[in-house]
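Asker: All chains should be built: construct the whole structure from the sequences, respecting the hints.
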Amino acid sequence: MPYNTIKELPVSIRKLPIGAQNIFLQVFNKSYDKNGEEIAFKIAWTAVKSKFKKVKDKWIAKGLGHELYTFTLENKEKLFVQKGKDGEFYLEGVLSTTTPDSLGYRFTTDTLQDFARQINKRGVSGSITHEEWERLKLKYSHLTEAKFISKALKERKGILKVVKAIYQKGKLWVKAIIDKRYLNRIKQFKTMSIEALVPKKYQQGRTYTGGTVLGLALDNNPVNKQARITKIE
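Residue numbers (the working numbering): 3 to 235.
These are computed hints drawn from the structure, not numbers from a lab.
Remember, it's a predicted structure, so these values are computed and weren't measured experimentally.
Careful, some of the hints might be misleading.
What the hints assert, rightly or not - Listed below are the simulated DSSO-like cross-link pairs for lysine-lysine, each with C-alpha atoms no more than 30 Å apart in a straight line: (1) K141 x K58; (2) K163 x K203; (3) K9 x K55.
As the list claims (entries may be wrong) - Label pairs and their calculated CB-CB ranges: (4) M3 x I168: 57 to 63 Å; (5) D59 x Q206: 22 to 28 Å; (6) P102 x K32: 45 to 51 Å.
Every residue, glycine too, gets a C-beta built ideally from N, C-alpha and C.
Answerer: Right, here's the structure in full:
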């Protein structure tokens with residue numbers, strides 16, 4: 003029988019992004035009276051697959067090309083935190099470079115320069131893991147690129163706030179204020195990762211010519227061996 007709300011959908015469908023669930027519900031209900039439950043299900047599922055694709059174990063909207071890039075902060079010891087003259091704690095280091103990472107992927111100079119401009123204009127937040135980033139991708143992957151970016155920037159929360167970025171000689175330098183409540187936790191990490199949306203039109207093989215930087219996270223699964231923390235002040 004037709005579904006009144008997405009809460010009534012089969013469990014397997016409710017695991018999909020909200021946009022995919024809405025597509026399934028609308029198409030199924032429209033087809034049910036004419037075709038019956040089994041065929042309506044197939045038609046609705048085909049409609050979902052025309053708009054969404056499975057990447058690893060998650061479904062995302064086609065065309066957005068969500069990508070996650072991780073970069074090493076090559077510190078010999080644990081992350082060092084220092085108090086600034088204003089009483090805040092700052093972390094400063096290289097977030098990304100134009101050198102290919104261990105998988106052969108790289109950002110162009112223009113891309114990193116644009117990332118620096120984006121950060122200086124509106125800032126980005128940072129967290130301890132990519133869990134929130136993954137949640138946002140699943141929740142809003144059905145939206146247009148512009149709406150996805152707006153939602154992600156508005157809802158992304160964290161313990162780091164990047165307040166300054168500079169591109170210099172192939173490196174994207176960032177400076178972030180650290181939430182004092184998490185100082186001890188931050189010291190447990192040696193690496194940091196960037197979270198960026200790179201649509202397919204900016205993906206030229208393994209070279210990325212554009213995109214939007216949306217956040218960063220501390221983690222211990224680096225890819226780029228040249229990004230590092232070099233100074234904290």
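Asker: Any hints this thing doesn't respect? Which numbers, in order?
Answerer: As far as the earlier hints go, not one is violated by this structure.
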